[in-house]
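All chains should be modelled from the sequences, with the hints used to inform the complete structure.
Chains A and B are the protein sequences, given in the same order. If you count by this note's numbering, then the first sequence holds residues 1 to 449, one letter each, in order. If you count by this note's numbering, then the second sequence holds residues 1001 to 1449, one letter each, in order.
For the record, the hints were derived by calculation from the structure and aren't laboratory data. It is possible that part of the hints are untrue.
[Claimed, not checked] Once the Cα atoms are required to be at most 20 Å apart in a straight line, the calculated SDA-like pairs of lysine to any residue come out as:
#1 B:Lys-1008 <-> A:Asn-9
#2 A:Lys-222 <-> B:Lys-1008
#3 B:Lys-1077 <-> A:Pro-225
[Stated by the list, open to error] Not the full set, but computed from the structure, chain A residues with beta-carbon under 10 Å of chain B:
#4 Glu-127
#5 Gln-135
#6 Gly-170
#7 Ala-209
#8 Arg-223
#9 Phe-235
#10 Phe-343
#11 Glu-409
Beta carbons are placed, not taken as given, at the ideal position from N, Cα and C, and that holds for glycine.
Listed here are the chains, written in short residue letters.
There are 2 protein chains.
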Amino acid sequence: MNFGFVDKNNMALLTDLYELTMAQVYFDEGMNGRATFDFFARKLKKRSYLVSAGLEPLLYYLEHLRFTPKDIDFLHKTGKFGDDFLEYLKSFRFSGDLYAVDEGEFLFENEPFIRLEAPLIEAQIVETFLINTMQISILVATKAMRCHSVAKGSRLVDFGLRRAHGTDAGMKAARSAFIGGFIGTSNVLAAEAFGIPAFGTMAHSFILAHDTESAAFEHFAKRYPDNAILLVDTFDTIEGVKHAVETMKRMNMATFKGVRLDSGDIESLSKEARSILDGAGYTDAMIFVSGGLNEYRIKELLAKGAPIDGWGVGTELVVSADIPYLDCAYKLVEYDGEPKMKFSPEKVTLPGRKQIFRRYGSDGTLEEDIVALHDEEVEGTPLLRPYISQGSVVARLPSLDEIRRKALENFQKLPQRLRDIEAKASLRPTLSPKLRRLTEELGGGAIPL
Amino acid sequence: MNFGFVDKNNMALLTDLYELTMAQVYFDEGMNGRATFDFFARKLKKRSYLVSAGLEPLLYYLEHLRFTPKDIDFLHKTGKFGDDFLEYLKSFRFSGDLYAVDEGEFLFENEPFIRLEAPLIEAQIVETFLINTMQISILVATKAMRCHSVAKGSRLVDFGLRRAHGTDAGMKAARSAFIGGFIGTSNVLAAEAFGIPAFGTMAHSFILAHDTESAAFEHFAKRYPDNAILLVDTFDTIEGVKHAVETMKRMNMATFKGVRLDSGDIESLSKEARSILDGAGYTDAMIFVSGGLNEYRIKELLAKGAPIDGWGVGTELVVSADIPYLDCAYKLVEYDGEPKMKFSPEKVTLPGRKQIFRRYGSDGTLEEDIVALHDEEVEGTPLLRPYISQGSVVARLPSLDEIRRKALENFQKLPQRLRDIEAKASLRPTLSPKLRRLTEELGGGAIPL
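The structure is reproduced here in structure tokens:
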């Protein structure tokens, strides 16, 4: 019996076979010159921006990447690798440089989140894990920020662990949701590992296990007098709210934290619940809503005046349901000093080692991004900065709180048209003169982006 | 710096906070009677069946679940738990029973994949992890089987690791894809952990790192003479095929495994590629296709006569892109001998300890499923069988090969209308007389399913 956990001791094998067979051939041919790869998203669908996230787990991977004796043994048994190459893998370390955009930064189409420079074999082997780690982190941070952008200051909590795609997705979703403006998560391990505040209410099973709803409420409030958010929809939501109020009155509670609505016509139920709570003098009791939420639904309910104070956003957040994958890629853009470019239809890449320069207007609003060659002199703030040099992390890593604060500040710098969750277009970066020239030269004409 | 890995030593905390706070209250109140929970999917969208998968990792979890001293320490620090409850958690073991449908079995709406019976606290605490493990496994096994159902015997390989939602999703997707009829995966760790055959070709970066396409082909074929599938679309697909043929001729290769097309008009390119390969005498060389594939695209290309021998299905498989989550739930159906039922609108559950009985026609075709009370005498093959008894696995676990074979056999038993990937409806199980009566009694009337 085998769970198939991925951890520090086997993560080197969590890669596509072709990364290793290509590495074997590079090894055979002595092809291990310096290579530069960009990780970026092509056209954005249903998104007017992306929020960078996932960098810290990636840094961990790059610093700790080792092929263990068990890994080598398995690779040997496949019969696909030579002894000298396996010997090389035994002392394999990532020795390259990583330039990255800070977590919590906003990016747009064709802008690299990451520029990785390393000996070709190293740069190739890390590809699969890099994309695997970054994509889901970016997807959820972005989805979370979209929820935040319509929540008008109400509280957002990640309730998605159960519907996340496996254990690691549950961890990454909690971390990314926090970066994207959520105040916490239901995921206890994420709370422990990342220091994210943990929240929770109660389940329908808790109500059903008791003889009456009121008995369930009473038991919970007795243990958690300051933190009891009572689930009221197991039988009938409005009756449930009344039972909650009666129970809190009977128990003479100083605090009534709130109720959770999880089904039915949330607009009218929340209004009626508010009126019952207020009528009983519980004006501070929160109305917390869960069940099938996303940014569109939150916006709609608040626009209709639903008096909702907090949201448990689960499934659609953690799987990024309306767009569960990005059209993203990790592409060779320079090898051994030569800029490289791919020409496949609709998958053309921008060649060369690049930098993104961002320009702000006088009021601080993001005005323009210029993608340029890395050593070009361009006005603007460079976004890619060194995180790893010669295999070691060289940047001070901000705390998750700092990243989150930065993300929320960055959101405020977005022009209004990009903040709209219905926005049809992303910002398109400008190409610098030198990058344009290089792309045209290699591409033999027009730039088909 | 912290990756946030989940493994045997911290998986107990990978749960929603409310599971633990509810457990605390149950503990306070001495409520630890025997509880039965069902894990099932409600209405199926875009699916006419679901393929069961994910059971083996779940069994591992249930057998190995422990709260470590580090876990207890963290829970203590939250201030949310009493010392006596934390003491109880120190020796916590799952001591219950698990009835499950075999991996590789086909299920339909409102049919439980799992019936879990345990002391209430245990049954509650395992909820989050159970859903997290099962949902993604079922989603990918089902999506894979849909690809298999239209592939007409051509080879399907999981290429999705990089776009899976994190590390664990990449592992579960590889395992589930294999169950669903794929012949292997690109994921080396899944190959090692689960014994799944590993496959791979080469990347565009491999071509670009060489001065010419032909040099790249030659280097790869030299090392892997029997297994070189040459990627031909980096510059121009048809030119690429010609370069591949020339290179193999020049090298005088006994075997030419094939070419991979990853972009462009696959229908016409595959036909032209086939004709070039055949014209050069390489009638055995495979045409392998990747890039944006799903069951609809595979069906369409084969219907148009595209001569494609194999498929690398990635992103859309591993995120189950057209339906990235199931409307699934883990619900209390009996507590302390009393059947339980939830009444929330559109979320009504079937009460009681249940069994699924399947009936086949004389030609072996699946004809009817009856959901009944577990001890009801109903004609048909019972699908839920004991996997864990008193906390220990009691069933012989089939190998992954056996599960896969069983899944493919089960597919053959589906009526034709359910095999169609465009099928609009799933099979609806019949409720047995006793279950119907119990549901009506508790529900006070009609059964709103």
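- Query: Given Gln-135 (chain A) as an interface hint, is the shortest Cβ-Cβ distance to chain B below 10 Å?
  - Reply: 6 Å, holds
- Task: Using 10 Å as the Cβ threshold, decide whether Phe-235 (chain A) counts as touching chain B.
- Result: 5 Å, holds
- Is the hint on Phe-343 (chain A) kept, meaning its closest Cβ partner in chain B is under 10 Å away? 5 Å, holds
- Query: Given the proposed pairing of Lys-222 (chain A) with Lys-1008 (chain B), does the C-alpha separation stay at or below 20 Å?
  - Reply: Distance of about 34 Å is beyond 20 Å: violated.
- At a threshold of 10 Å, is the proposed contact between Gly-170 (chain A) and chain B supported by beta-carbon distances? 6 Å, holds
- Task: Could you grab the alpha-carbon distance between Lys-1077 (chain B) and Pro-225 (chain A) and see if it respects the 20 Å cut-off?
- Result: 18 Å, holds
- Does Arg-223 (chain A) pass the interface hint, meaning its C-beta sits closer than 10 Å to a C-beta of chain B? 5 Å, holds
- Message: The hint names Glu-127 (chain A) as touching chain B; please verify it with the least Cβ-Cβ distance against 10 Å.
- Response: This hint holds: Glu-127 (chain A) lies near chain B, its Cβ roughly 7 Å from the closest one there, short of 10 Å.
- Task: Classify the hint on Ala-209 (chain A) as holds or violated, based on whether any CB of chain B lies nearer than 10 Å to its CB.
- Result: 5 Å, holds
- Message: Next pair to validate is Lys-1008 (chain B) with Asn-9 (chain A); report whether the Cα-Cα distance is within 20 Å.
- Response: OK: Lys-1008 (chain B) and Asn-9 (chain A) at ~13 Å, within 20 Å.
- Query: Taking the closest Cβ pair, is Glu-409 (chain A) under 10 Å from chain B?
  - Reply: 24 Å, violated
Checked against the numbered hints above, the structure violates hints 2 and 11; every other hint is satisfied.
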